[in-house]
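Chains as they are written, first to last, in numbering that gives the first Met the number 0: chain A, 0 to 224; chain B, 0 to 308; chain C, 0 to 256.
These are calculated hints, taken from the structure and not from any lab test.
From a predicted model like this one, the values you see are computed outputs, not experimental measurements.
Here are the in silico distance ranges between beta carbons for each label pair:
1. B:R77 - C:F255: 18 to 24 Å
2. C:L174 - B:H196: 51 to 57 Å
3. B:P43 - C:F25: 49 to 55 Å
4. C:A32 - B:N44: 54 to 60 Å
5. A:T4 - C:V233: 20 to 26 Å
6. B:P43 - C:F255: 21 to 27 Å
7. A:G77 - C:K256: 54 to 60 Å
Far from chain C, by Cβ distances over 12 Å, these chain A residues were calculated:
8. S122
9. R125
10. I131
11. Q214
12. L215
Where is the CB? At the ideal position from N, CA and C, for every residue including glycine.
So you can see what is in the structure, the chains are spelled out below.
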Amino acid sequence: MKRLTCPILLIVFLVLSAAAQDWMDARRRVPLAVKETLYVSSGESLKRASIGFDGLMADIYWIRTLLYFGEQFERQRGVNQQFDASQLELLEPLLNITIELDPRYIAAYRFGAVFLPEINSESAVRFVERGIRNNPGEWRLYQDLGFVQWRRNRFREAADAYARGSRLPGAPAWMRTMPALMLVKGGDRETAREMFLRLYRESDDPFIKQISEAQLKMLDQYRER
Amino acid sequence: MSVIEIENLTQDYQIGFWRKRNVRALDSLNLRVEAGEVFGFLGPNGAGKTTTFKILMRMLRPTAGEARILGQPLDDLRMRARIGYLPERPYFYHYLTAREFLVFCGALCDLPRDRAAKRAADLLDQVGLSDSADKHLRKFSKGMLQRAGLAQALINDPEVLFLDEPMSGLDPLGRREARELIANLRARGKTIFFSSHILTDVEAMCDRVAILNRGRLVESGRLSEILKTRSNEIEAVVSGVNEEILAELREFALEVQPTPEGARARLESDRDIARLLEVIHHANGRLVSVNPARESLEDFFMREIGGMK
Amino acid sequence: MKIIPIALNTFRESARDRALYNLMVFVILLIIASVVMGRIAVGQEVKIVIDLGLSAMTVFGVLMSIFLGIGLVSKEIENGAIANILSKPVRRTEFILGKYFGLCLTLFVSSVVMAAAITGALIYAQGGSDAAQWRLWPAAWLIFLELTIMTAVALLFSCFSSPALSALFALLIFLIGRWSPDLKLFAETSNSAAVRAVSRALYHLLPNLANFNYINETAHGEVAPWRMIAGNTVYAVCYIAAALAAAALIFNRRNFK
Ligand SMILES: Nc1ncnc2c1ncn2[C@@H]1O[C@H](COP(=O)(O)OP(=O)(O)OP(=O)(O)O)[C@@H](O)[C@H]1O
Ligand SMILES: [Mg+2]
Chain A
0 MKRLTCPILL IVFLVLSAAA QDWMDARRRV PLAVKETLYV SSGESLKRAS IGFDGLMADI
60 YWIRTLLYFG EQFERQRGVN QQFDASQLEL LEPLLNITIE LDPRYIAAYR FGAVFLPEIN
120 SESAVRFVER GIRNNPGEWR LYQDLGFVQW RRNRFREAAD AYARGSRLPG APAWMRTMPA
180 LMLVKGGDRE TAREMFLRLY RESDDPFIKQ ISEAQLKMLD QYRER
Chain B
0 MSVIEIENLT QDYQIGFWRK RNVRALDSLN LRVEAGEVFG FLGPNGAGKT TTFKILMRML
60 RPTAGEARIL GQPLDDLRMR ARIGYLPERP YFYHYLTARE FLVFCGALCD LPRDRAAKRA
120 ADLLDQVGLS DSADKHLRKF SKGMLQRAGL AQALINDPEV LFLDEPMSGL DPLGRREARE
180 LIANLRARGK TIFFSSHILT DVEAMCDRVA ILNRGRLVES GRLSEILKTR SNEIEAVVSG
240 VNEEILAELR EFALEVQPTP EGARARLESD RDIARLLEVI HHANGRLVSV NPARESLEDF
300 FMREIGGMK
Chain C
0 MKIIPIALNT FRESARDRAL YNLMVFVILL IIASVVMGRI AVGQEVKIVI DLGLSAMTVF
60 GVLMSIFLGI GLVSKEIENG AIANILSKPV RRTEFILGKY FGLCLTLFVS SVVMAAAITG
120 ALIYAQGGSD AAQWRLWPAA WLIFLELTIM TAVALLFSCF SSPALSALFA LLIFLIGRWS
180 PDLKLFAETS NSAAVRAVSR ALYHLLPNLA NFNYINETAH GEVAPWRMIA GNTVYAVCYI
240 AAALAAAALI FNRRNFK
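Could you put the whole structure together from the sequences, leaning on the hints where they help?
Rendered as structure tokens:
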């Protein structure tokens with residue numbers, strides 16, 4: 000009997016503390032993540048504070064970005080079956096912190112290229128161009144820049160971006176066909192289909208895949224009509 | 000009923016980091032200490048004395064066997080209130096003064112505050128620390144700490160005392176005081192179980208002893224039973240003798256050992272005493288003592304344990 | 000009950016520890032410095048004093064509770080003082096609890112001193128007393144609760160591992176505990192059921208320390224609502240009880256060689 004006192008107390012109080020925790024979580028009005036995600040607003044200062052572990056810190060912020068995005072994604076779809084990236088007010092600062100901590104975080108640039116245009120297409124362009132400045136040899140970023148410009152209907156700039164990217168080592172052949180496509184039928188629905196198909200095929204990010212798949216389906220519906 | 004009952008007590012220590020090995024520090028020890036006894040617990044370094052104390056004081060759970068104090072299992076708290084313990088290496092909170100420390104120990108033994116304070120003052124006087132009563136233990140010397148430890152063991156006026164090398168670190172005066180203290184406690188009917196390396200102290204104080212070697216009990220019983228009396232042999236101590244006399248003594252004594260003051264001679268029987276007296280009187284020497292030769296505890300150790308190693 | 004004398008003796012130990020006073024002086028200097036910094040950032044004095052003051056209180060308090068919490072038991076084992084305690088009519092559990100509450104008393108007193116220093120700094124910065132200055136006390140209470148949780152965690156670790164490892168573990172727990180919302184988020188958004196289950200279990204097993212951080216809100220003029228204070232207090236008491244039960248469970252079985 001005496002032998003069991005400690006184990007029993009341990010279990011009882013652990014359960015009680017878990018219950019108290021859930022009680023408090025249920026009572027919170029503002030979702031924690033939104034309120035707390037931004038411990039800092041500048042990646043530069045964080046970089047200094049991370050005493051050399053900035054790569055790790057960038058990873059942490061990248062994970063935070065994905066967690067934040069995922070949570071919002073699930074929530075919005077739960078509420079109105081629709082996903083509207085323009086409501087993600089913390090997406091841009093989170094991405095900025097990530098790339099300020101690690102300017103070569105390609106995944107972050109690519110993610111931004113797909114979702115930032117819905118929030119602010121100007122800053123999306125600036126974001127991707129910053130990526131190109133930091134990583135001039137990465138042809139994928141030119142593809143992303145072309146994509147962002149295309150979504151703003153700036154076909155000339157898009158063609159320019161594809162042309163520059165296609166000259167880089169490692170760039171695939173289809174990149175060379177893109178400038179012509181942009182200049183000739185930039186606004187076509189077929190072009191849009193092509194763009195999203197490329198995005199779908201090239202990306203290994205589950206969110207990007209889901210979004211581009213949804214866009215493709217929508218385009219197909221138009222065509223059938 | 001025995002005050003301390005130890006049955007088949009066995010303790011293994013695990014040593015080694017990667018490949019664990021067991022070292023048997025105590026091997027099926029059986030021991031009984033009766034009420035009112037002063038019981039000496041002897042043995043060379045590493046024999047397992049401190050290990051036994053640690054088991055009795057709940058520091059270690061024995062690998063096998065059991066022990067009872069005052070008829071109670073070791074975890075019994077009411078029994079704990081009736082015993083006292085002096086560890087081998089006393090460490091006490093160095094940020095306390097000796098008096099504060101004793102009052103704290105009193106509180107742990109359920110003594111009311113004023114009783115504890117009174118008792119602390121008495122004990123500090125008894126162990127000769129009344130001048131340093133309000134000094135921090137940090138500033139105590141080894142012997143002073145040992146005295147404080149002795150006082151601490153006595154704070155609850157225990158019926159049974161466990162002392163692990165109570166004399167270590169004490170000066171000659173301190174040792175004599177400690178001996179007197181123990182004799183005093185014994186006169187008041189307390190039971191004392193103590194370990195020691197100082198054989199003369201043991202011979203002077205103990206009713207019974209147990210001798211331990213490498214975790215095993217070698218011998219236990221009254222000293223007079225353990226130590227062989229050598230038939231009729233006589234030991235005489237003389238002083239003021241010169242080389243010539245020594246040579247003369249060697250002619251009939253079994254053994255002559257020079258000492259700084261004179262010599263010690265072992266004689267075959269009391270018949271040789273007259274001759275010895277004659278020789279030394281002739282040389283103006285003096286007879287210091289004549290005793291029936293008995294094996295000393297030291298001899299016993301040499302014989303039993305020296306041989307076993 | 001031998002818990003009280005042991006607790007009071009533990010408190011006396013820290014009260015006679017000079018290092019602790021130096022630490023307190025340092026924190027108070029920092030609080031004074033925050034007044035100067037507040038002067039530079041015109042209009043932000045109150046926010047800066049509260050931010051810096053409560054943050055310093057947290058950091059030093061956590062360091063204190065981890066390092067003193069580990070020493071509570073391991074030091075006594077190391078130097079042999081435990082032999083003296085165990086020979087006396089004291090349960091091992093009483094020893095653990097006495098040690099724990101003794102350090103909590105120390106932490107309580109130093110938290111009160113630090114919170115008073117911040118209040119003083121606020122009164123000075125605002126040039127007079129103001130009811131709003133008292134709103135930092137609920138936040139300070141939450142910090143104190145966080146410290147008592149960290150003490151229990153440190154004590155628990157020191158019952159079965161070396162002091163250095165215990166310090167490392169306790170610091171890790173502190174960091175993870177502060178990131179517990181992310182752990183919850185992770186538990187809710189992961190695709191794998193196994194990952195979800197593990198992170199949910201961890202979320203409940205590790206202390207949720209983020210709940211105790213109300214510094215930012217306090218600096219922006221909010222007062223911690225009483226429901227939150229009560230909920231956190233209940234949570235802290237339960238969590239500490241569980242941690243101490245685990246510590247006692249381990250400590251009761253230990254051998255002291
Ligand atoms: N913590 C420990 N780990 C491993 N072995 C130990 C430990 N403590 C003691 N021992 C071993 O147990 C045996 C008995 O040691 P113990 O301290 O009981 O001897 P002792 O009789 O008190 O010796 P001394 O007269 O030197 O005080 C020794 O061989 C010792 O090496
Ligand atoms: Mg010993």
